[in-house]
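Protein sequence lines correspond, in order, to chains L, R, E and X. Take the first sequence: its position 165, counted from the start at 1, is 158 in the working numbering, and no numbers get skipped. Take the second sequence: its position 252, counted from the start at 1, is 245 in the working numbering, and no numbers get skipped. Take the third sequence: its position 289, counted from the start at 1, is 282 in the working numbering, and no numbers get skipped. Take the fourth sequence: its position 7, counted from the start at 1, is 0 in the working numbering, and no numbers get skipped.
Careful: at least some of the hints might be erroneous.
One copy or two, it doesn't matter: identical chains are merged, so the pair holds either way.
[To be verified] Calculated pairs, BS3-like style, for lysine-lysine (alpha carbon to alpha carbon, straight line, at most 30 Å):
{"hint": "1", "residue 1": "K59", "residue 2": "K128"}
{"hint": "2", "residue 1": "K59", "residue 2": "K147"}
{"hint": "3", "residue 1": "K79", "residue 2": "K128"}
{"hint": "4", "residue 1": "K79", "residue 2": "K147"}
{"hint": "5", "residue 1": "K265", "residue 2": "K278"}
{"hint": "6", "residue 1": "K128", "residue 2": "K278"}
{"hint": "7", "residue 1": "K128", "residue 2": "K147"}
Treat the hints as calculated values from the structure; they're not laboratory data.
The primary structure of each chain is shown beneath.
Number of protein chains: 4
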Amino acid sequence: MSKQNTPHITACLLICCPDRPGIVAGVSQFLYRLGANILDASQHSTDPREGLFFMRMEFQLDVLDKAALESAFQEQVATPLQMEWKIDYSDRRMRMAIMVSAYDHCLLELLWRWKSGELPVDIPLVISNHSVLEKECTAMDIPFHYLPVTAATKALQEREAIRLLEEHAIDFTVLARYMQILSPEFVSLYPQRIINIHHSFLPAFAGARPYLNAYTRGVKLIGATAHYVTNELDEGPIIEQDVARVSHRDTVEDLVMLGRDIERQVLTRAVKAHVDNRVILHGNKTIVF
Amino acid sequence: MSKQNTPHITACLLICCPDRPGIVAGVSQFLYRLGANILDASQHSTDPREGLFFMRMEFQLDVLDKAALESAFQEQVATPLQMEWKIDYSDRRMRMAIMVSAYDHCLLELLWRWKSGELPVDIPLVISNHSVLEKECTAMDIPFHYLPVTAATKALQEREAIRLLEEHAIDFTVLARYMQILSPEFVSLYPQRIINIHHSFLPAFAGARPYLNAYTRGVKLIGATAHYVTNELDEGPIIEQDVARVSHRDTVEDLVMLGRDIERQVLTRAVKAHVDNRVILHGNKTIVF
Amino acid sequence: MSKQNTPHITACLLICCPDRPGIVAGVSQFLYRLGANILDASQHSTDPREGLFFMRMEFQLDVLDKAALESAFQEQVATPLQMEWKIDYSDRRMRMAIMVSAYDHCLLELLWRWKSGELPVDIPLVISNHSVLEKECTAMDIPFHYLPVTAATKALQEREAIRLLEEHAIDFTVLARYMQILSPEFVSLYPQRIINIHHSFLPAFAGARPYLNAYTRGVKLIGATAHYVTNELDEGPIIEQDVARVSHRDTVEDLVMLGRDIERQVLTRAVKAHVDNRVILHGNKTIVF
Amino acid sequence: MSKQNTPHITACLLICCPDRPGIVAGVSQFLYRLGANILDASQHSTDPREGLFFMRMEFQLDVLDKAALESAFQEQVATPLQMEWKIDYSDRRMRMAIMVSAYDHCLLELLWRWKSGELPVDIPLVISNHSVLEKECTAMDIPFHYLPVTAATKALQEREAIRLLEEHAIDFTVLARYMQILSPEFVSLYPQRIINIHHSFLPAFAGARPYLNAYTRGVKLIGATAHYVTNELDEGPIIEQDVARVSHRDTVEDLVMLGRDIERQVLTRAVKAHVDNRVILHGNKTIVF
């Protein structure tokens, strides 16, 4: 049950079902009969009035017939226990797109984590409404798509972005300080598949100019929030947040500079959690195992 | 210029004036001519468009004629430089009242800090709208005044509270989880003289039930905010804030429990800063030196 | 599988065994057959070279025959899987002794957490080599035993302390700033049953006068460490640590004062983890679920 | 007295002298007579037994004759008050060298901060004993010098490094994870002019393999320390430290990965403080204003 690297394929199973006795036993017996070794398991039960049970189980198999595994699991475990579930395998890396405007810090952080092996994803493309970060991407052999946008061309530009995301079979998209609000049509195509970094400690200072508003209010901490994008602006399920201390000495420009460090850290942790299949949605909240 | 304890009296001068050359020189020359030793000094200049200068200077004098010092300072320094200023002396401890409802954690924390010598104040009285914490106060020989309140008796109760605060010549009042909203009349009597602890990271979750709202929103950090009370609810100048990490595992009750620790720390730090004359108001913000 | 309060008894099972497939399945099937509902489960596998598996499982039973449960578990699960294990039940509170010298902060913090219900233990006695904190204990109806100690009487004093701990059937003892080094004989009687708070970030500044040494070295953070006591001074398994920021402005006295807050927090968290059966020893390290 | 940007030259004065009345007055009067506007001032007095006074004053002058200013200051202020002092001017950027081995994270962080304008220095060269990071430097037009080193060639390699540092008139050098111990001769040439990042919370885990040692000891926090290099290994004056939480789940490799983030942050803050002339040595400790 070790988490050390091996040539075996590992699988990660996420489930949600009504809470009742026998779920852990049912899943773990199923896996044991297949000869699987459970590497890690986490579970969460909600308030009994709601009565939901969530679990993440990571396991290893020597021989793995994915289709057979999945249909047997559906029949023997998921159907009897009324489960919603999904499974991912380690022999397939997630495909991550990045959308960015002109600020480089979040983009460079993600690219460095990817290059260093910390983020085990493929990055088939970066899309930007500005051209200034092209060199940073192409230096790492990542295709850069410059899709400028105006109020008039927004619908067209989004259509082109969607075409690119589909063409490259993207699993999820990171808005790494993409200073555009995506249309409801765009967002609806990718539920729990778009991660945004907002430069405030939400729900404080939602919307535009959070650092200016934080400065004006005189807060003693500034923050950043990574969340899934929904069609309620800055209201999507929060994945990760953090803060840093500021004082009366800090100008708005200082807040922007200090905030960059928090944004980089918070976005990275959220993307890692997503890539590791550690995030499950629960209404408008997240369970992060 | 040491901050070690001595039998000398130390004084703490706070000033605010239009920014221009010569302020530090003017004040420090004045003090030098009196034979004062500057123990500590901090300064802050605002944005040049606003052009304000703030300074805190702590100094020591062998012989100290307070009235003479103050009138000379007014004439020789404050008037020429258009200063607002105040001065406090170490031979007089501030007189702090505490208002509390039924939660004990903030009250006990303040009392323990006072007893251990960390908070160099006198506490002539505690006022509560509940009787449950009487024993905790009288055990430390602090008079406890039980002033129950209903919607019908609120005006009367506040009048009695004000009478007590005046009778005991209180310098400032701490609302240590006092679960009543003070009337505008009460608040107006004590500008920058009432410190409240709000159990959220303001401006997030202002108003009632912040822990429930934090739970519902699914935030990953909860916080507390100490601020001066104004007649805009939870909108007063922030003195101190802090946060703690929470997760999907935490129930509302867990947030309440974890929050108590942050509330105690944040309120303590704010009260200490106030008692040390380290807080200056700047509009609706604070400078905390 | 909810963790909400119910009239049922809950049990907490801790296990350690060689890592192999089928452990989770074996334990969860056993519990399912008994009709138990798993409330929470955590597991940890070590490096494959070491090949150990650790698990904590909290479960609920309507009808609970403890002896029958335990002998069935031994026979059906523990023996086949070569497990070391222990089980605790929620209908029996742990019995915690506190040993303290003259500093009050850790003692008062534990007593307040106990009184507020945060620490679900019984505290049958406090032992101190000073008499100064007697009133604080008796005010809460906790028997206080004054056992002064000198080099000459140390063996005798420890014998009396041990007698008291045995007489009161103590489960574990907290050294809440008890400024005496326990003899090897004392320590050997209580493996993983004595928790100490050391006022530094171990292994930095082990031994005496850590705040003075931290001041002299000019560190920018000070810390505290809660650990199980072993016969290697300040070398026992670490349960919890934390730090706070300091600067050149802080005197040794300031470090002592700031340190008190960290000590209180760190000790509280460690004691809670112990009381919740969330700590398993792994060599000289701890697994804290 | 604003800290806003202006076309004026600003100067930063650091002083150390015996503590006595009149120091602030003397310096501020001197500057006032020159027409200087004090932008920021910080001071620190040591324990009276030691009796030292330290001050940092930042000021602005319309017309600035540096030589005249400095000789007048020496004669009128520094000599009478027995000051050691130094002054730096904003019209001259510090010249920073970076020495690095094969890890990229600290180097890339410094280069990114420099490129974004956060670190107002010139970087005339990077020296490395490996060639792998050449592309990262030349992509930013920073000359990269590959100076491999073996036990046999160490003296020679250091001589070449010193030659390069001298040729480029370097003000200070950052060891951005340079995995070589500099010789006493090298270190002696650059007192308070070499900044190292050590990957532990010193004094814990000095020397080699700190993450392995932290893992083995089972600490619950890991840290990083930026310090000036002296000839006592890992014993130089500490400029900045920070920590991050870890658990039993983290392997040594995880600690290395988590540690990279702390190293980057801590090194950046230390270098910024040095570049802003906010660090004064006080024996083997630092005052960081």
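Status of each hint after checking the structure:
1. K59 with K128: Intra 40 Å, inter 42 Å, cutoff 30 Å: neither.
2. K59 with K147: Neither way: K59 and K147 sit 41 Å apart in one copy and 56 Å across, limit 30 Å.
3. K79 with K128: neither (38 Å within a copy, 42 Å between copies)
4. K79 with K147: neither (34 Å within a copy, 57 Å between copies)
5. K265 with K278: both (18 Å within a copy, 27 Å between copies)
6. K128 with K278: neither (37 Å within a copy, 43 Å between copies)
7. K128 with K147: Classified as within: same-chain Cα gap 24 Å, cross-chain 38 Å, threshold 30 Å.
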